[in-house]
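Enquirer: Listed here are the chains, written in short residue letters.
2 protein chains.
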Amino acid sequence: MGKIKSISLIGSGNVATHLGIALFEAGLKVDSVYSRNIDHAKLLGKILNSRFVDKIADISYDSDLYLISVNDNAVKDITKRLSDILGYNILVVHTSGMVSSEIFKADFNNYGVFYPLQTFRKKRKIDIVEVPFLITANSTDIENKLYELASRISNSVNFMSDSKRKALHVAAVFVNNFTNFMYSLSEEIVGKEKIDFDLLKPLIKETAMKVYEGEIPSQIQTGPAIRNDHNTINSHLDYLENNQVAKEIYEVITKSIVEKTK
Amino acid sequence: MGKIKSISLIGSGNVATHLGIALFEAGLKVDSVYSRNIDHAKLLGKILNSRFVDKIADISYDSDLYLISVNDNAVKDITKRLSDILGYNILVVHTSGMVSSEIFKADFNNYGVFYPLQTFRKKRKIDIVEVPFLITANSTDIENKLYELASRISNSVNFMSDSKRKALHVAAVFVNNFTNFMYSLSEEIVGKEKIDFDLLKPLIKETAMKVYEGEIPSQIQTGPAIRNDHNTINSHLDYLENNQVAKEIYEVITKSIVEKTK
Numbered sequence: 001m002g003k004i005k006s007i008s009l010i011g012s013g014n015v016a017t018h019l020g021i022a023l024f025e026a027g028l029k030v031d032s033v034y035s036r037n038i039d040h041a042k043l044l045g046k047i048l049n050s051r052f053v054d055k056i057a058d059i060s061y062d063s064d065l066y067l068i069s070v071n072d073n074a075v076k077d078i079t080k081r082l083s084d085i086l087g088y089n090i091l092v093v094h095t096s097g098m099v100s101s102e103i104f105k106a107d108f109n110n111y112g113v114f115y116p117l118q119t120f121r122k123k124r125k126i127d128i129v130e131v132p133f134l135i136t137a138n139s140t141d142i143e144n145k146l147y148e149l150a151s152r153i154s155n156s157v158n159f160m161s162d163s164k165r166k167a168l169h170v171a172a173v174f175v176n177n178f179t180n181f182m183y184s185l186s187e188e189i190v191g192k193e194k195i196d197f198d199l200l201k202p203l204i205k206e207t208a209m210k211v212y213e214g215e216i217p218s219q220i221q222t223g224p225a226i227r228n229d230h231n232t233i234n235s236h237l238d239y240l241e242n243n244q245v246a247k248e249i250y251e252v253i254t255k256s257i258v259e260k261t262k
Numbered sequence: 001m002g003k004i005k006s007i008s009l010i011g012s013g014n015v016a017t018h019l020g021i022a023l024f025e026a027g028l029k030v031d032s033v034y035s036r037n038i039d040h041a042k043l044l045g046k047i048l049n050s051r052f053v054d055k056i057a058d059i060s061y062d063s064d065l066y067l068i069s070v071n072d073n074a075v076k077d078i079t080k081r082l083s084d085i086l087g088y089n090i091l092v093v094h095t096s097g098m099v100s101s102e103i104f105k106a107d108f109n110n111y112g113v114f115y116p117l118q119t120f121r122k123k124r125k126i127d128i129v130e131v132p133f134l135i136t137a138n139s140t141d142i143e144n145k146l147y148e149l150a151s152r153i154s155n156s157v158n159f160m161s162d163s164k165r166k167a168l169h170v171a172a173v174f175v176n177n178f179t180n181f182m183y184s185l186s187e188e189i190v191g192k193e194k195i196d197f198d199l200l201k202p203l204i205k206e207t208a209m210k211v212y213e214g215e216i217p218s219q220i221q222t223g224p225a226i227r228n229d230h231n232t233i234n235s236h237l238d239y240l241e242n243n244q245v246a247k248e249i250y251e252v253i254t255k256s257i258v259e260k261t262k
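Residue numbers (our numbering), protein chains in the order written: chain A, 1 to 262; chain B, 1 to 262.
With the rest of the complex left out, here is chain A (with noise of 0.2 Å):
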């Protein structure tokens, strides 16, 4: 089989908006974007000089691939409507990283997954040269096409089962939407004493960038929970009193830590 060259966008949210203008500025041509809001299937479309659409029957017919990326409940339905109109035979992938590739089998021949490993915003721009992209598919032929596909646009490309890539989706919940909790717990902490929260800034890049730099998280973690200094965790704690729901995040991570370096 050839190269992809034409794709179709399920989808216009911030993983469709990032994929589709990195595809498209790598050469792809964009036949089509569906979304059930046409305001931002329109949107989007004029970024990738596409048609926009609002109905799933109105999506191009001859799309070398139909990139699904919606929310992962709605993966399901979105695949039986283009069956419906599209038939078996075309070239399915969804993003998500928790959703089965598997998801596809009773409905089509060919297909895959097609994962990017970050957190997208539309309005914030994202190297994407560096996003690792995951793939799965249903035969060596089509791994290697979407292998082939993200290669144009990331040097991070690997391929990944299911049960692999749902560990890594999990641990990227870890890495992204609880570390994101931890920092707004400490704007709360700071934003009631009126300190500026700008003054942790410098230690939550430090923080990162030294992981993203080689250190290794298990082998550097500090703090009074490792060392087991009662004094300040009850200092910590007593400080905490007001604010309950830190409190009890403070209490069970502390406690992991202790755990874990017993």
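Just so you know, these hints were derived from the structure itself, not from any lab.
Only true hints are included.
List of simulated lysine-lysine pairs, BS3-like, C-alpha gap at most 25 Å: (1) K210/B - K260/B; (2) K210/B - K192/A; (3) K247/B - K164/A; (4) K260/A - K192/B; (5) K122/B - K46/B.
Bear in mind that the values here come from a model prediction, so they are computed numbers and not experimental data.
Please build the complex by placing chain B on the supplied structure of chain A, with the hints as guidance.
Expert: For chain B alone, kept in the frame of chain A given last:
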């Protein structure tokens, strides 16, 4: 009173090393470096062109500032021994976020806190000019002297009361120690599956840089918890069934994110 021109360092750990080098490079004379461990004192003393000692009684008598960078629990003991030998008129500061400046009250006339809000490791370069310094002192005169000193090495110097600095330190535990533990749990999760931890690094960087560059954490929380996406949450918890520490943390943080956004 004039500018601080000479210092003695009490301690030779990560903070003492980074501050000592920065102050030395800014032109300060380092009269003596004290450590219980003479080899540690020697290592740092050589770099700072300074005498190195392992007895408090051997510390220089005429430094403009005595900078105590030791474990929080050791500050009080060092304080007593210093004042016994050098009297109560020397200028003394510690570098701890948690320890009150009042710890010096009974023993010294001139004292304060010189707190750099950053995580330091001896072998890792830090852009000291970006590090926030929080200054506390027992008089305006001393405040100004310490402010002037910090300004020679950093662009971010602020006065802050003992109680606010303590709040800031608690917040720092969340963005540094607890965040690193999130990284550590993810390292363990992917390690069990023999997935390369490096795949998570661009996400670690972007999660931090987004906030570093101005996004507000509480406004950009993403993930299954804030969407109240029970399918994904339950699927993640099932996956973590054999990792009780990660599972408990997942549950508590998820519950808190849901509560915070009700």
